[in-house]
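S.K.: Using the hints, position chain B against chain A.
Read top to bottom, the protein sequences are chains A and B. According to the numbering used here, the first sequence is numbered sequentially starting from 13. According to the numbering used here, the second sequence is numbered sequentially starting from 13.
It is possible that some hints are incorrect.
Here are some of the chain A residues that sit facing chain B, going by a computed Cβ distance under 8 Å [stated by the list, open to error]:
no.	residue
1	L29
2	F112
3	A150
4	T154
5	V161
6	K165
7	V167
8	R218
Treat the hints as calculated values from the structure; they're not laboratory data. Just so it is clear, CB atoms sit at the ideal spot from N, CA and C, and this is done for glycine as well.
There are 2 protein chains.
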Amino acid sequence: MYCVINQRMLKEEDASLGIRDLALLRGYGIFDFFRLSKGVPLFIDDHLDRFYAAAEKVRLDVPYTQQELKSRIGELLNLNEMPISGVRLLLTGGYTPDGFDPGHPNLVVTQEPISFPSTEKYTHGIKLITYEHLREMAHVKTINYMTGVWLRKKVIEENAYDVIYTYQNKVLELTRSNVFIVDSDNKIVTPKENVLMGITRKNLIRAIEADGGYTIEERDVSVNELVEAKEAFLTGTTKKVLPITQIDDKKIGGGQVGKVTNKMMTLFKKTESDYVESHE
Amino acid sequence: MYCVINQRMLKEEDASLGIRDLALLRGYGIFDFFRLSKGVPLFIDDHLDRFYAAAEKVRLDVPYTQQELKSRIGELLNLNEMPISGVRLLLTGGYTPDGFDPGHPNLVVTQEPISFPSTEKYTHGIKLITYEHLREMAHVKTINYMTGVWLRKKVIEENAYDVIYTYQNKVLELTRSNVFIVDSDNKIVTPKENVLMGITRKNLIRAIEADGGYTIEERDVSVNELVEAKEAFLTGTTKKVLPITQIDDKKIGGGQVGKVTNKMMTLFKKTESDYVESHE
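Excised from the complex, chain A in its bound form (with noise of 0.2 Å):
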């Protein structure tokens, strides 16, 4: 499998860090992730925008254009002849000077086989665990996941999928994903405050208002809601959409997968099979 290190594309055996970059240092980056759909790197500008929109937050120069870098891409998936992956895109604080302050960035592209959750997570969905915590620069693609790596054991433990972060009796988002219920009202509503806008939300979003069988609102959701949800469910890039049926102790919408979150994994496959149609 090959990489790209800055202006180098090389074998990834090959392909390492000095150990005075600042991520390694002081956990000082930022990263963005999509996944080839046969062959097709999916929604890839809204990946390299929101990759160029968080580098600019950090204060970290990508040392590509985004039409380089797109480029770059595409040399890199030509050679690894890889169509069903994910692509990393990491950037790096550089090597610090002093120990603290940045230096000139690094860039690190990869690409890696990817995995989807079971057919059985599907029809039956998953059960997530809350977690009170408020991701630091929470709008911002950093590579700081201090607290859901660590939650890992108690996720396993707990026979849980994952964490759902909430944070002052409201619902934020999970470790790696964004969270959408059905509420009272048969509205569709996701947090939008404090939590990275992810791509497949923003693309589930879009669909949805095109589609106008639903609506979506996109404001604050307390724990309450979520437990008293309808229906539940999660997006992510490797997860699509994703049931979600029970919360703790407590089973949202009795334990079973609802019609809209149905309707959404139905919508959302679309969505994914215009994209690739309209980008082979």
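M.R.: Leaving out everything else, chain B in the frame of chain A:
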């Protein structure tokens, strides 16, 4: 300069980590940092105790016993022969199998030059700016300094030395140092909740208690108490005891370095030289 990576001792220019390390991908890791004073690793056992405690908290195994690591550091110091320097211990989440779960931790030990604040800063004190922020896992020395590094631009723009974090009207700590004030009762006070327990902080507190000249209290400090304090100073491995004479636009102690702060600088100097003498 030599460094240690896991079981190997090698030149720093040859040292690197692969790009699948969880510190790079998810900012997952812990570290510690101590300095040599006349060639003696200052308070090394305190630092090693804290490093091993942090590793345990984030569930990463150090690939050496504490005694073995201490010996290995001794070998490194002998090779590098650099009597005024810092030693950095870094333990990362290791090469991740799936982009999120930890692998076998990577241990990196490096030695590096250090610089102390200028004499002018010790005689006139420094300016800090306040920022509302509670560090994630504040009591663990993780590598997550996302907010601290990001704030460097503001620190420079405001002609300050560093940031002091406040949270819900309480004073916490600086980006890499602890804060002490002299309160209206002439007691020396330092926060103890939601802060990293600094080793300089610890040894200065011990010295104050042994000396008996002043009362030291570990308790919450309000933002108002800080800006109205008679004196304020910070402690840190490369800063020792450094006077604070301005917070945002407000002068502390009339903008002059106070009597108690001067005594603390002297007391810490003696503490350090006593340690060095008894460990040479």
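S.K.: Let me know if the C-beta of A:V161 comes in closer than 8 Å to any C-beta of chain B, holds or violated.
M.R.: 5 Å, holds
S.K.: Min Cβ distance, A:A150 to chain B: is it shorter than 8 Å?
M.R.: The hint is violated - A:A150 has no Cβ within 8 Å of chain B, the shortest such distance being about 11 Å.
S.K.: Identify whether the interface hint at A:V167 stands, where standing means a beta carbon of chain B within less than 8 Å of its own.
M.R.: Constraint on A:V167 not satisfied, violated at 10 Å.
S.K.: Do the numbers back the hint for A:L29, that is, is its least Cβ distance to chain B under 8 Å?
M.R.: Nearest chain B Cβ about 6 Å off; hint holds.
S.K.: With a cut-off of 8 Å, does the beta carbon of A:R218 approach a beta carbon of chain B closely enough for the hint to hold?
M.R.: With a minimum Cβ separation of about 27 Å from chain B (threshold 8 Å), the hint on A:R218 is violated.
S.K.: Let's test the interface hint: is any C-beta of chain B closer than 8 Å to that of A:T154?
M.R.: Constraint on A:T154 satisfied, holds at 5 Å.
S.K.: Taking the least C-beta to C-beta distance, is A:F112 closer than 8 Å to chain B?
M.R.: Cβ of A:F112 sits 6 Å from chain B, so the hint holds.
S.K.: Holds or violated: is the Cβ of A:K165 closer than 8 Å to a Cβ in chain B?
M.R.: With Cβ-Cβ at 6 Å, under 8 Å, it holds.
Of the numbered hints given earlier, the model fails hints 3, 7 and 8; all others are met.
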